[in-house]
Amino acid sequence: MTDNEKRIRSAIDQLYEHEGLTDALVDSDAKMLLAWGERQIKDSLRNPEITAEIDEVTRQVGRVIRTINRLIENKSELSESQMIQRLLRLVVQSMQLADQKAIANIEPQLNRNRDTNDSD
Numbered sequence: 004m005t006d007n008e009k010r011i012r013s014a015i016d017q018l019y020e021h022e023g024l025t026d027a028l029v030d031s032d033a034k035m036l037l038a039w040g041e042r043q044i045k046d047s048l049r050n051p052e053i054t055a056e057i058d059e060v061t062r063q064v065g066r067v068i069r070t071i072n073r074l075i076e077n078k079s080e081l082s083e084s085q086m087i088q089r090l091l092r093l094v095v096q097s098m099q100l101a102d103q104k105a106i107a108n109i110e111p112q113l114n115r116n117r118d119t120n121d122s123d
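Every number in the working numbering is 3 more than the matching position in the sequence shown, counting from 1.
None of these hints come from the bench; they were simulated from the model. Computed from a predicted model, the values in this text were never measured in an experiment. All C-beta atoms in this analysis are idealised placements derived from N, C-alpha and C, irrespective of residue type, glycine included. Treat the hints loosely; a few may be bogus.
[Unchecked claim] Pairs of lysine to aspartate or glutamate residues, derived as EDC-like cross-links and limited to a Cα-Cα distance of at most 16 Å, are as follows:
1. K45 / D58
2. K78 / E8
3. K45 / D16
4. K34 / E22
5. K45 / D6
6. K9 / E41
7. K9 / E76
8. K34 / D16
9. K45 / E22
10. K45 / E8
11. K45 / E56
12. K34 / E20
13. K9 / E83
14. K45 / D102
[Said to hold, decoys possible] Quick list of simulated restraints, FRET-style, between CB atoms:
15. E22 / V95: 33 to 39 Å
16. E20 / Q99: 22 to 28 Å
17. V95 / S13: 24 to 30 Å
Given these sequences and hints, build the entire structure.
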């Protein structure tokens, strides 16, 4: 296992071990949400050039999961307006995660373009 794979595995293990992320969810829903988080971490960090971002990606995935957990936990106490505000925050958090994934996907292309231009 490479150092990068070890760091990713460690980040995923931490996600599963953090009980507070999903404590308001039933086991099947918690497993589904954690599996989603694991996929997000793996997909976001597929590019070895951004492995320095493992902590940031893991933090963002954890924030999204924690927000969903809190929404479920407090859903009966929230007005529609409050629910909408919280959902909008969740959207912003998800967009930040998507930005990390976009960076991961564009980096290899930028490097290929740079290498092509360097050889001209």
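The hints, checked one at a time:
| no. | hint | in the structure |
| --- | --- | --- |
| 1 | K45 / D58 | holds (12 Å) |
| 2 | K78 / E8 | violated (37 Å) |
| 3 | K45 / D16 | holds (12 Å) |
| 4 | K34 / E22 | holds (12 Å) |
| 5 | K45 / D6 | holds (14 Å) |
| 6 | K9 / E41 | holds (14 Å) |
| 7 | K9 / E76 | violated (33 Å) |
| 8 | K34 / D16 | holds (13 Å) |
| 9 | K45 / E22 | violated (20 Å) |
| 10 | K45 / E8 | holds (9 Å) |
| 11 | K45 / E56 | holds (12 Å) |
| 12 | K34 / E20 | holds (12 Å) |
| 13 | K9 / E83 | violated (43 Å) |
| 14 | K45 / D102 | holds (15 Å) |
| 15 | E22 / V95: 33 to 39 Å | violated (25 Å) |
| 16 | E20 / Q99: 22 to 28 Å | holds (23 Å) |
| 17 | V95 / S13: 24 to 30 Å | holds (27 Å) |
Hints 2, 7, 9, 13 and 15 from the earlier list are contradicted by this structure; the remaining hints agree with it.
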